[in-house]
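Protein chains: 2
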Amino acid sequence: MSISASEADDSVSAGELSARYDNFVVDLLGSIAYGELSAFERLANDARHSPSLSDRAVLGKMAVSEFGHYEAMCARLLEMGMDPELAMAPYQRMVDAFHERTRPADWHESLMKAYVVEAITEEFYAAIAEHLDESTRAAIAAVRTSDEQNALLAKLLKSMLAQDPRLSSRLALWGRRLVGEALTQVERIGAKHSFLVGLRPDGTQEAAAAEVSKILSTLTRNHSKRMSQLGLTA
Amino acid sequence: MSISASEADDSVSAGELSARYDNFVVDLLGSIAYGELSAFERLANDARHSPSLSDRAVLGKMAVSEFGHYEAMCARLLEMGMDPELAMAPYQRMVDAFHERTRPADWHESLMKAYVVEAITEEFYAAIAEHLDESTRAAIAAVRTSDEQNALLAKLLKSMLAQDPRLSSRLALWGRRLVGEALTQVERIGAKHSFLVGLRPDGTQEAAAAEVSKILSTLTRNHSKRMSQLGLTA
Numbered sequence: 000m001s002i003s004a005s006e007a008d009d010s011v012s013a014g015e016l017s018a019r020y021d022n023f024v025v026d027l028l029g030s031i032a033y034g035e036l037s038a039f040e041r042l043a044n045d046a047r048h049s050p051s052l053s054d055r056a057v058l059g060k061m062a063v064s065e066f067g068h069y070e071a072m073c074a075r076l077l078e079m080g081m082d083p084e085l086a087m088a089p090y091q092r093m094v095d096a097f098h099e100r101t102r103p104a105d106w107h108e109s110l111m112k113a114y115v116v117e118a119i120t121e122e123f124y125a126a127i128a129e130h131l132d133e134s135t136r137a138a139i140a141a142v143r144t145s146d147e148q149n150a151l152l153a154k155l156l157k158s159m160l161a162q163d164p165r166l167s168s169r170l171a172l173w174g175r176r177l178v179g180e181a182l183t184q185v186e187r188i189g190a191k192h193s194f195l196v197g198l199r200p201d202g203t204q205e206a207a208a209a210e211v212s213k214i215l216s217t218l219t220r221n222h223s224k225r226m227s228q229l230g231l232t233a
Numbered sequence: 000m001s002i003s004a005s006e007a008d009d010s011v012s013a014g015e016l017s018a019r020y021d022n023f024v025v026d027l028l029g030s031i032a033y034g035e036l037s038a039f040e041r042l043a044n045d046a047r048h049s050p051s052l053s054d055r056a057v058l059g060k061m062a063v064s065e066f067g068h069y070e071a072m073c074a075r076l077l078e079m080g081m082d083p084e085l086a087m088a089p090y091q092r093m094v095d096a097f098h099e100r101t102r103p104a105d106w107h108e109s110l111m112k113a114y115v116v117e118a119i120t121e122e123f124y125a126a127i128a129e130h131l132d133e134s135t136r137a138a139i140a141a142v143r144t145s146d147e148q149n150a151l152l153a154k155l156l157k158s159m160l161a162q163d164p165r166l167s168s169r170l171a172l173w174g175r176r177l178v179g180e181a182l183t184q185v186e187r188i189g190a191k192h193s194f195l196v197g198l199r200p201d202g203t204q205e206a207a208a209a210e211v212s213k214i215l216s217t218l219t220r221n222h223s224k225r226m227s228q229l230g231l232t233a
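Protein chains in written order, with numbering that gives the first Met the number 0: chain E, 0 to 233; chain V, 0 to 233.
Bound conformation, chain E alone (with noise of 0.2 Å):
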């Protein structure tokens, strides 16, 4: 997205609105960064609740992926010459309760945090990138899970599930927590995307607003979908 004074409020200097994009993509990239970071960590230590050391490296090699994101992230805010620790900073605090409270309690909870968390954060920064220029977008949507990750996460959980029919009720808890706890999540970081969508022609308050509640009803679609896929009800 380029943005000329012309499409933009006039009093708002073209300076001014480009300084505050470029803000807002450090923002959003940092907050990407740690997350990532973050999930590499935790789904590192969550791999030690699996009953099977190669089910322990499933997880393993998905923290490993996010790791390659994270040093992703930070290579792109060096290339717009930010320091990525400094773009992240703001929001280790947030990720971290996030983590907390979503701390998972055996296998089957991690296995499904993964699946679900990993998930939904990735396709609200699609999102978001939809609203930006070409190189931010295609560094964001190389931070992707695998299909074939996630079609071994949903395998996993399905023969879980198919083995212990009393999890369903469980795990559907379980998800039904995780969505919730993500969405807010994503909410507060959406509230910053307001911003962005204020940028555009018709960048209206209200346009914002139902913008960024276009995207979390997106995102619940699909989550309820993957859930179904499990056999879930979400």
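Be careful, since some hints might not be right.
The list treats identical chains as one, so a pair stands whether inside a single copy or across any two.
Here are the simulated DMTMM-like cross-link-like pairs (lysine to aspartate or glutamate), alpha carbons at most 20 Å apart as the crow flies [as the list claims (entries may be wrong)]:
no., residue 1, residue 2
1, Lys60, Asp146
2, Lys157, Glu122
3, Lys60, Glu70
4, Lys60, Glu84
5, Lys224, Glu121
6, Lys224, Asp95
7, Lys60, Asp82
8, Lys157, Glu180
9, Lys60, Asp21
10, Lys157, Asp95
11, Lys154, Asp105
In case anyone wonders, no lab produced these hints; they're calculated from the structure.
Start from chain E and add chain V according to the hints.
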């Protein structure tokens, strides 16, 4: 190393020796594989003690490379038609107990543990690998922390020690505890190594014990050198 009947005790058939050699290799690769998987998880976890996010990524990066080593060992075991999980299982309790006994209390200790333990472990496996066939040796040689990684750890440790001279005595003590625990660990795995020495033409029990003790003293000497490089007494 290829084993022919003529080289070995007449009371043991060549087939039996070859089977025992294969068992030893599987056992060794299993111990390395589990050690690396476990190091991956511990480093990822210890990383959270770091004072800054960029420091945190140093151990994270190291953790990621340990995971690659784990995968390489599993691939080698699968190539040999073996189940990595079965090969790793006998080492799980021993390695986990080692990490429980050497749980770092803070960032300084985490960094020191990464620096000291990885080096000893790698030197130990390299020493044992000298007696093995070429492809096993090559597989084990690939399981090495990069020189840059080690140089970076040493640099961080040195700068920490320069900033806070009171750290020296604490870290020297911690280094001694780590090396003590690591050598005990290595000795246990080394006990199995005596079997390997026993396969060689000059392979008496005495020769085996001498070989293991030679390896241990080399490891101790190299550890002392590393400590001196940090300005610490070993």
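Structure-based check of all given hints:
For the homomeric pair Lys60 and Asp146, the shortest alpha-carbon distance inside one copy (13 Å) is at most 20 Å, but the shortest distance between copies (24 Å) is not. For the identical chains of this complex, Lys157 and Glu122 are neighbours neither inside a copy (22 Å) nor across copies (43 Å), given an alpha-carbon limit of 20 Å. Both within a single protomer and between protomers do Lys60 and Glu70 lie at most 20 Å apart by alpha-carbon distance, with minima of 16 Å and 9 Å respectively. For a Cα distance limit of 20 Å, the shortest separation of Lys60 from Glu84 across copies, 16 Å, qualifies, whereas the shortest one inside one copy, 25 Å, does not.
When the C-alpha separation of Lys224 and Glu121 is checked against a cutoff of 20 Å, the pair qualifies only within one copy, where the shortest distance is 16 Å, while the shortest distance between copies is 47 Å. With identical chains, the CA atoms of Lys224 and Asp95 are never at most 20 Å apart, being 28 Å at best within one copy and 39 Å at best between copies. Within a single copy, Lys60 and Asp82 get their C-alpha atoms only as close as 28 Å, which misses the 20 Å cut-off; across copies the closest is 18 Å, which meets it. Within a single copy, Lys157 and Glu180 get their C-alpha atoms no closer than 23 Å, and across copies no closer than 42 Å, so neither meets the 20 Å cut-off.
In the homo-oligomer, the alpha carbons of Lys60 and Asp21 never lie at most 20 Å apart, since the shortest distance is 33 Å inside one protomer and 28 Å across protomers. With identical chains, the CA atoms of Lys157 and Asp95 are never at most 20 Å apart, being 29 Å at best within one copy and 30 Å at best between copies. Proximity of Lys154 and Asp105 under a CA criterion of 20 Å is satisfied intra-copy only: 18 Å inside one chain copy versus 39 Å between copies.
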